[in-house]
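Note that the protein sequences, when read in sequence, are chains A and B.
Take the first sequence: its position 252, counting from 1, is numbered 252 in the working numbering, and each next residue is one higher.
Take the second sequence: its position 77, counting from 1, is numbered 77 in the working numbering, and each next residue is one higher.
No lab work stands behind these hints, which were simulated from the structure alone.
Just so you know, even glycine gets a beta-carbon here, dropped at the ideal spot from N, CA and C.
A couple of the hints might just be wrong.
Stretch by stretch, here's where chain A covers chain B in the computed footprint (C-beta under 8 Å, at least three residues) [unchecked claim]:
id: 1; stretch: 246-252
id: 2; stretch: 411-425
Over 12 Å on every C-beta distance to chain B, these chain A residues come out as not near it, computed from the model [as the list claims (entries may be wrong)]:
id: 3; residue: G184
id: 4; residue: E185
id: 5; residue: K187
id: 6; residue: S275
id: 7; residue: G304
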Amino acid sequence: MLERFKSMLLAGAASMLMFTAGAAQAGTITVYTALEEDEIADYVALAKKDIPDVTVNVLRLSTGDLGARIMAEAGNPQHDVIWGWAVTNMMDPRILALVEPYKVKGSDKLGAAYQAADSKWFAATGYIGAFCVNTERLKQKNLPMPKSWNDLLNPAFKGEIAMPNPVSSGTGYLQIVSILQKMGEEKGWAFLKQLDGNVNQYIKSGSRPCRSARAGEFTVGTSLAFAAIKSIEEGFPLAMVLPSEGAGYELEASALMAASKNKADAKKFLDWTMSPGASGLYAKYKELVTLPGYKPAKAARDAGMPDDPGSILYKMDFAASAVQREAILARWTKEIGR
Amino acid sequence: MTAVSAVAPRVTPLARERADRIFDLACLWIPAAALLLFFVYPIGMMGYRSLLLPDGSLGFGNFSQIIGSRSFLRALVNSLTMGLATTAVTVALGLLLAFALHRCRLWLRIVLLGAISLPVIAPSLVQGLGLIFLLGRNGLINKTFGLQVEIYGFWGLLIANSLYALPQAAMIIGAALRNADARLFEAAEVMGATGWRRFIDLTLPNIRFGLLSATFVVFTVTITDFGNAAVIGGDYTVLAIEIYNQVIGQMNLNLGAVVGMLLLLPTVLAFYFERLATQRQFGTQSEAAVPYRPGHDPWRDGIIGTLAWLVALAPVTVVGVVVYASFMRLWPYRLDFTLRHYDIKLAGGYDPLWISIGISAAAAGFGTIFLLFLGVALKRLGGPAARAIYFVSMLPAAVPGLVLGLAYVFAFNQPGTPLILLYGSAALLAMCNFYHYHTQGFATMTTGLRQIPPALEEAATCIGASAWAVLRDVYIPYTLPTLISVFFFLFMSSMVTLSAVIFLVTPNLMLAAVTVMRLDEGGYTAQAAAFSTAIMLVVTAALLLARGTLWLAQRRIRLSAEA
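Construct all of the structure, not just a fragment, from the sequences and the given hints.
Written out as structure tokens, the structure is:
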């Protein structure tokens, strides 16, 4: 009886060992990214061709999930590189403490706004905030097509707007901070409070307001351009609106982890992300490529993105938005939060 | 199989007693040690983080910051209200369903069981999507009847939480209803007690333990649920959302840990009340019990059966509409049949599905064996240690998945210790998934084990059967249906659980539930629905295969016994 029990235990222990993880291999790097799902597959295929001696393992999670994961693992990071992650998160001092300055190849061609002065991060791409307007519901409710944030104050939109919750979503924070920076503290808060009267729901993620709008749950979802572009491509009755006051945007920043055990290959990969080959591919998907001379992707232009997205962007102060985050969210929770 | 076959006459009574003692202790301490390592230790790390202040010192600063905030108080009130409302609805309906399944003669009983289990095998996205497709502002009901029903908020969340908790309540109450003494019912009938009186005076007291366990579990899983609250809860903020806001929204892991720790309190309280209520002994089984087989009763079967099928209609429509939409070109605008959403290449394609099956089978296999050992040991041994282990065993449900996942990172991503070997491994994912659902499995197991007549094991021991033989010849055969339902529950839950594993998946170890989330986030809602349908199909096939094998095995045993 005991013999049988012992052998059961041994078998259990053996199978546990078989289950355990393999150690890191040379020539292999782990990359954490929040870039969009369909892009990654294409990028990684090109990276394989351009830098064949580096095996790139990619973990994709949303901006928020990835932030929590990186912070949780901060004591013993499991990744070598952060690739394409919201710069507002990257500029958090707790994250900056984990990354190491690296002057990436090609950074001399990159504008000063797209890289850290101390070389801790650089951004090859970015994404833009936009309204997703369900044209079918718009017609059915007999509403005018909104062109600006201001148009959303129209009482006719009461209950028809979904916004991302800034407390849970980086996109949500991006939206309110762009309004506050644009209009100034006092007017900005007054505007947000007035807008709140028309907002039906503050949704937990940044792209879900667009998905809800395209499903016809709401007329307007204040969300992201890429979500609108993709939905239009798929055939949903949706229009992308870039608010005429200037659209908020976010840069997708990359950085080298100070704890990386394979910095040589990590740097090789980071150099590759700024290579002309990679940027050429970004231009197939992205509405915002930071190297000069790239137009937004065709699908983006078809959805209404101008050839020079810089012309419609509100010039964000990312350093300020990272520093003020806690205070702004506290005030939002107190005065508007539900 | 009888206890007599287990007699081993060569062993002296004293040696037997010692061997039994060792066996009992092993039964207790092996699962208990695993419980310590894979639950208590990570939660301890979480407790430590909740006290860790930004400047690196320890103190209650985080707690006062959270408790003092307006949003926390509102979320607390909302969570408790939601917990109580869901518990009331779910336990009542769970009793109805369990009664229909175990005390009535129903046509297509197994289909009913499958129908109410749907929310457990469906990724959480499915339930949210299904409810919105049906009851949303642009949902089928509103559109068909020209209504303006608002699903987002309290009522939507109540429906979603009830749907999700219902199979768990029915499983636990079912374990209590499964074994009853037919003689009592016959006696009552002879004395002229009506069906209703028999239910009130015989059935209810007998299953009180199961009912209380179900109440505890439903309340706990409701106040810790995040998935439903995020999709269908609208602006109705609950505590799990507060954790999400802190951890995912603002990377304040330690403040999230505080809310996680505070969430343990209502559960500890609920546990205390449950214990208080089960202190008094009642309704134990007699050794001469004759298994109760529901007889013909057209009134009972007709009414209960109809009600049960009506309840089961809810999960079937909610899941069904998502499955249907996964075959539509562009829900809800272009309803032409297509298979294109099933051509999934992104987010790992279908590979994670097979990884999930392996990990879930391991979680369920290990889990069921551990729970059986633990349940048997706690039944045979008493004392303060056993009571403490019982308490800890009931606690995991009080920990939201997000918190458990974080806790696992803190606990196992420890360089320089042997634990780091586990980090990033499939074994750790399996353990995480098992301990996430430990409470439900444990509650079902102990409820099932309670139904074994104590005299039966006493008799087996008296004639010299070893503890191992008692386990093999009394406990296992007697609780086989419970073991199976625990195994299936762990397997199904592990297939679809999401919030904990987000912290543990790696580039080479992607899970099906995470793929569904990634597809949905990427805007591929239809593909996410299709992938979910594939998961449900595979799980259903696995269940049918297991059921079929079991049925064949039982038939062979029966045939050989008759021969």
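When the structure is checked against the list of hints, which entries are broken? Sort them ascending. Nothing - there is no hint that the structure violates, so all of them hold.
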